[in-house]
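**Q** Take a look at the letters that make up each chain.
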Amino acid sequence: MLLNRKTLSEIIVGNHKVIGFWGAPPRQDLEKASKRFDGATFFDLDVFYDAKKSGAVPDAFCHIIRNCVDNAIVLGDRLHCVVAATGPEKCDAGRFAARLVEEVTGVEVVVTVNESRNDPDAPLLCESRGSLKKRIIRTMEAIIEPLTSDEQHQATADRCEPTHGFWGTPPHPIEVLDLFLQTTHVFGWTRCVEQGRPADLDLETAVPDGLPIVFFSQGFCAKSMLAKHLAHKHRGMYVDVHDTLSAATMAKIEAFIRLSRVKT
Amino acid sequence: MKFGDAGSSWSKLFSAGDDSVKIVPTRELSAGDLRFDWGTGHTARNRSKRFENDLIALSSGALALVDDDNFTVLDLGSRDAKLVAFAGRRPVKLDWSVGCASATGATLEMLGKFYDIDWDAIEIEDKWTPVTCGTYAIERIMDQVSAGESATKAIGRFVHGLARNCFDFTGKPDKLYLSGGFTLNRPFVEVLRRYTEVALMGRTVPLAGLWFLARDENPEIGEIPKALLEKTTERH
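Protein chains in written order, with the numbering used here: chain A, 12 to 275; chain B, 78 to 313.
Derived from the structure by calculation, the hints contain no laboratory data.
All values derive from a computational prediction rather than experimental measurement.
Just so it is clear, CB atoms sit at the ideal spot from N, CA and C, and this is done for glycine as well.
Hints may be right or wrong, so weigh each one.
With a straight-line Cα cutoff of 25 Å, these simulated SDA-like cross-link-like pairs (lysine to any residue) come out [to be verified]:
1. B/Lys204 - B/Val266
2. B/Lys170 - A/His175
3. B/Lys126 - A/Leu270
4. B/Lys126 - A/Asp189
5. B/Lys249 - A/Leu190
6. B/Lys249 - A/Thr260
7. A/Lys244 - B/Lys190
8. B/Lys190 - B/Lys252
9. B/Lys170 - A/Val24
10. A/Lys244 - B/Ala164
11. A/Lys64 - A/Val24
12. B/Lys170 - A/Lys64
13. A/Lys244 - B/Asp145
14. A/Lys239 - B/Lys204
15. B/Lys170 - A/Ile23
16. B/Lys252 - A/Tyr249
17. B/Lys99 - A/Asp189
18. B/Lys170 - A/Leu188
Stretch by stretch, here's where chain A covers chain B in the computed footprint (C-beta under 8 Å, at least three residues) [what the hints assert, rightly or not]:
19. 122-134
20. 164-174
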């Protein structure tokens, strides 16, 4: 299976349709879709591509879900189908968005639930040294294109002791991650995805004691309840971001990172 | 070495070797080409060789000047409120109310000029005006004055409401370290003390923070000058 890394407009004017997906659907469902559509490439609808606002989702709503819906609507008949994560590994909004996209676009939506009860995989990218943004983007890409053995060896070799933690989903805007040091370990749902258990609430809420962690929540996401609770429990910092990264939020994250660094 | 905390309304300036901190209206800086070696504040970014965001400068100063393990500092100035709280000297709360700016100093300064207020004559009653936005506060005060209320009483209620908002914003600590221009506002400090113990730190905590950050990089600049400490250690 291959991930399509083109822009929305390139796909619209191109000759090839894509398979849209959001969240972390079960691998067998992704493979089934790939087979049905002759190896068509996959396009991650969670990602912000500056799609025109469809207005189908209220303004006061999770920006990631809005990305999923607006991207699907803009792509319309350029989609073979959408493989949608709709179970506890995503959120109720994933389930609602699946219905909405099917009704608005007429595109087939394959509703999936990822119970993911296998033994957890190793958290390679989550614990390696390097750009947090690159590591989290690669973690999400690995849903379609797993790490090569070279990448696995490199991530293992680059494993580092953490100075900080980032907990949460890949954020919008993704530039939030540029504020973090290379020695930041990843927790929460993003780690669950790398470990192959996106619906594992125990894994999602597991963080080490004593590590300064930013608990990130996308504005209007139900996970904000977890983020706030965990930040209080572990003396971390709770951050809630909706559409844009304000100067105040940037300053808060920068200050927290500077002032709470664990010496390694 | 020049240090500057250039806020929206007032700028606090200090050069190594000076006897005191200069406080000048920020608008006077706009036309000039004054540069800082270390700067913080809304209007300092483009004139500073090293810029530190307001929360970092405030936290650095507070950590250097307060010995407590657990403490909360509120910096209340002309445009916004900044909050830093530490537990075990580790930050547990950092907040900055940038969006709704008008509930702080600029509103009070404007109201004071508009009604020609003697701040020592402000009366603080048990009643307060429950608004968080200065624009609504101005409307409310004007309504009250039009209805025959004295401006000093109406503004007193707003100041009382502002103190309550600050107390809520800070998480209702038993003791609050207060920094910024509001340390000079007697009615505000007086009414805040009805809710919590208040330790006044003056207007130079962020500047002191910059000094300590500079000293971390270059110990040769030496101990913090008295001018940055005199106001910061003030207690009432």
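**Q** Could you tell me which of the numbered hints above are not met by this structure, giving the numbers in increasing order?
**A** Violated: hints 5, 7, 8, 9, 12, 14, 15 and 17.
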